[in-house]
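Visitor: Next come the chains, spelled out residue by residue.
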Amino acid sequence: MTDSPIRFRASRVAVYALLILMTVLYLLPLYGLINTSFKTSEDIANGPIAPASSLYLGAYKAAASSLGRPLLNSAIVVVGATLFSTILGAMAGYVFSKFRFRGSEILFFLVILGFYLPYQAILIPLVRFMGTIHLFNTYFGLILTHTAYGVPITTLLFRNYYATIPNELLESASVDGCSFFSAFRRIMLPLSLPGFAVVGIFQFANVWNDYLFGLTLTQGVNAQPVTVAVANLRGTMTAVWNVQMAGAFLSSLPIILIYIFLLKLVVKGLLMGSVKG
Amino acid sequence: MSKRKIGTLVFLAPAVVLVTVFVYMFLAQSIHMSFTNLRFGRVATWIGLGNYIRMFTRDAAFQTSLLNTLKLTAVFIGLTIPLGLFLAILLDLGVKAKGLFRTIFLIPLSFSFVASSVMWVWAFLPETGTINTILRAIGLSSLAQPWISSGSQSLLSVALVYIWQFSGFATLVYYTGISSVDPAIIEAAGIDGASTWRKYWHIVIPQLKPATVTVLILTLMYSLKCFDLVWMMTGGGPGYSSEVLATFMYKVTFSQSKFGYGASIGVVLLLLSVVVVAAFMIYMKRGERD
Numbered sequence: 064m065t066d067s068p069i070r071f072r073a074s075r076v077a078v079y080a081l082l083i084l085m086t087v088l089y090l091l092p093l094y095g096l097i098n099t100s101f102k103t104s105e106d107i108a109n110g111p112i113a114p115a116s117s118l119y120l121g122a123y124k125a126a127a128s129s130l131g132r133p134l135l136n137s138a139i140v141v142v143g144a145t146l147f148s149t150i151l152g153a154m155a156g157y158v159f160s161k162f163r164f165r166g167s168e169i170l171f172f173l174v175i176l177g178f179y180l181p182y183q184a185i186l187i188p189l190v191r192f193m194g195t196i197h198l199f200n201t202y203f204g205l206i207l208t209h210t211a212y213g214v215p216i217t218t219l220l221f222r223n224y225y226a227t228i229p230n231e232l233l234e235s236a237s238v239d240g241c242s243f244f245s246a247f248r249r250i251m252l253p254l255s256l257p258g259f260a261v262v263g264i265f266q267f268a269n270v271w272n273d274y275l276f277g278l279t280l281t282q283g284v285n286a287q288p289v290t291v292a293v294a295n296l297r298g299t300m301t302a303v304w305n306v307q308m309a310g311a312f313l314s315s316l317p318i319i320l321i322y323i324f325l326l327k328l329v330v331k332g333l334l335m336g337s338v339k340g
Numbered sequence: 073m074s075k076r077k078i079g080t081l082v083f084l085a086p087a088v089v090l091v092t093v094f095v096y097m098f099l100a101q102s103i104h105m106s107f108t109n110l111r112f113g114r115v116a117t118w119i120g121l122g123n124y125i126r127m128f129t130r131d132a133a134f135q136t137s138l139l140n141t142l143k144l145t146a147v148f149i150g151l152t153i154p155l156g157l158f159l160a161i162l163l164d165l166g167v168k169a170k171g172l173f174r175t176i177f178l179i180p181l182s183f184s185f186v187a188s189s190v191m192w193v194w195a196f197l198p199e200t201g202t203i204n205t206i207l208r209a210i211g212l213s214s215l216a217q218p219w220i221s222s223g224s225q226s227l228l229s230v231a232l233v234y235i236w237q238f239s240g241f242a243t244l245v246y247y248t249g250i251s252s253v254d255p256a257i258i259e260a261a262g263i264d265g266a267s268t269w270r271k272y273w274h275i276v277i278p279q280l281k282p283a284t285v286t287v288l289i290l291t292l293m294y295s296l297k298c299f300d301l302v303w304m305m306t307g308g309g310p311g312y313s314s315e316v317l318a319t320f321m322y323k324v325t326f327s328q329s330k331f332g333y334g335a336s337i338g339v340v341l342l343l344l345s346v347v348v349v350a351a352f353m354i355y356m357k358r359g360e361r362d
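Protein chains in written order, with this note's numbering: chain A, 64 to 340; chain B, 73 to 362.
Calculated from the structure, these hints are not laboratory results.
It is possible that some hints are incorrect.
[Claimed, not checked] Each computed BS3-like pair below joins lysine-lysine, with the alpha-carbon atoms no more than 25 Å apart:
#1 B:143 to A:327
#2 B:281 to B:357
#3 A:161 to B:297
#4 B:297 to A:331
#5 A:331 to B:170
#6 B:297 to B:330
#7 B:168 to A:327
#8 B:271 to B:297
#9 B:168 to A:331
#10 B:77 to A:161
#11 B:281 to B:271
#12 B:281 to A:331
#13 B:297 to B:143
#14 B:281 to B:170
#15 B:357 to A:161
#16 B:168 to B:271
[To be verified] Distance ranges between label pairs, derived from CB positions:
#17 B:143 to A:248: 31 to 39 Å
#18 B:215 to A:139: 40 to 48 Å
#19 A:254 to B:128: 48 to 56 Å
#20 A:75 to B:270: 42 to 50 Å
None of these values were measured; they are calculated from a predicted model.
By construction, the Cβ of each residue, glycine as well, lies at the ideal position given by its N, Cα and C atoms.
From just these sequences and the hints, can you work out the full model?
Guide: Structure follows, in structure tokens:
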């Protein structure tokens, strides 16, 4: 759909004025973030609005020295968790949309209910479990956790995605002698690539931005994700605002870039995740 | 077994096993734990409803947290929905660069709560913060506020950040909803000479119920789960003024090592979510029958 055909009568100037005002309000914190991150501490004393007087990179150097390892940790965990949760969700979504069986609706419902789970309700058993199986403070522990709590939403997204692929395609394939597996590989997988991109990006952003699991399942810098490291900067760098801002901006950069360059896929994921289950 | 049966099993097993362990088994353990007085390094005793009785009769901090959770939810949703709808209508009024504005409104959603709390704590600083500095610069110093440093404003300030992060999402969902309203209906109304705002009010908005439900359920879930923002911005303070169930549960569990009591607070959060999801499901079922 393009523009709705409602004839435009309200004052054009008022509409643009409102939109621009909202834009300023929305971007103001972002301005503070980027502007302050390039300031020296003397420069910060000039007030939060004044633009940085030079492109000072010291804050970034300081932030990078404590965020280097956590950034790597986050990258490893996010790639692993995104891959696993997306693939498992695609497999389950394929069955739930194309191979219904007795009780499959109920099973599907029980799986996607996990999406609505408040994590505080499982936090203590989760931390104890990770300790028991010796995965506390490990990449694999975080990957496993994010995969498990990602599967409900990826299953829902893929079931809805596969629902848009006509059954006739699969039926004609089975006439041609394609089995369950080869039909998935030869027909569904090639058609799923856009779905993988959308769901993958959705999961990537979710896992990258997680704080609670990183906070409770890691200790020290070994597996610590970047969100936890940025949060810790607040403790160690209290009132050193340029370093805090540089750290927050560095940690956000991957997802900001995804939003800017892959916005279409991001929007698809947000809208797909919000349709009914 | 047929290939189809084997295939179904192989494809479902990993997802089902993970969800069974990480959601249902852990939930069962939490619920079981909530009936005990388990603490770090001690043997647990079964105390029945003891934790629940204590939180509702004797624990003022818990009651404040529960009330704050509901308040935060009410303010967050009560403002995000009209704001999202308003922005979506503005974008629908045939403006140029719609895509650019939509992107700008969505950008806050890309930040982790950790990153957004860093920039907002800075913006909220009473003396040197961006907001108060601007208010003073434009001659509105009387409007300068203590924001998160004040007990009466800390919770509202957190809600404001929430609204900033999620209203772009509401705008997106509403804008998509508005775009899918049948133009013929609007055209027909246009002949009667209905004004722009009346057309939205009488024709477009009534058709946006599904969009509203979508925004409602997601914002509700996010505000119940809300931990990161409160933890980072105020730590629940000053005092307990911005404490919510999620942060209170974390403190009780990980600072005080009261696992049984912490689990019971988690169960209360679970029950709140169950109510929300059940209401959502009932609405959906009714929609299917109509």
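Visitor: Against each hint, give a clear statement of whether it holds in the structure.
Guide: Status of each hint after checking the structure:
1. B:143 to A:327: 34 Å, violated
2. B:281 to B:357: It holds: about 14 Å lies between the C-alpha atoms, which stays within 25 Å.
3. A:161 to B:297: It is violated: about 33 Å lies between the C-alpha atoms, which goes past 25 Å.
4. B:297 to A:331: 24 Å, holds
5. A:331 to B:170: With a Cα-Cα distance of about 17 Å, the restraint between residue 331 of chain A and residue 170 of chain B holds, given a limit of 25 Å.
6. B:297 to B:330: Satisfied, since the Cα-Cα distance of roughly 20 Å is no more than 25 Å.
7. B:168 to A:327: 18 Å, holds
8. B:271 to B:297: 37 Å, violated
9. B:168 to A:331: 22 Å, holds
10. B:77 to A:161: 13 Å, holds
11. B:281 to B:271: 16 Å, holds
12. B:281 to A:331: 20 Å, holds
13. B:297 to B:143: 14 Å, holds
14. B:281 to B:170: 23 Å, holds
15. B:357 to A:161: Since the Cα atoms of residue 357 of chain B and residue 161 of chain A sit roughly 22 Å apart, the hinted pair holds (cutoff 25 Å).
16. B:168 to B:271: 21 Å, holds
17. B:143 to A:248: 31 to 39 Å: Violated, since residue 143 of chain B and residue 248 of chain A (Cβ atoms, about 52 Å apart) do not stay within the stated range.
18. B:215 to A:139: 40 to 48 Å: Taking Cβ atoms as reference, residue 215 of chain B and residue 139 of chain A lie about 47 Å apart, which means the hint holds.
19. A:254 to B:128: 48 to 56 Å: 53 Å, holds
20. A:75 to B:270: 42 to 50 Å: 19 Å, violated
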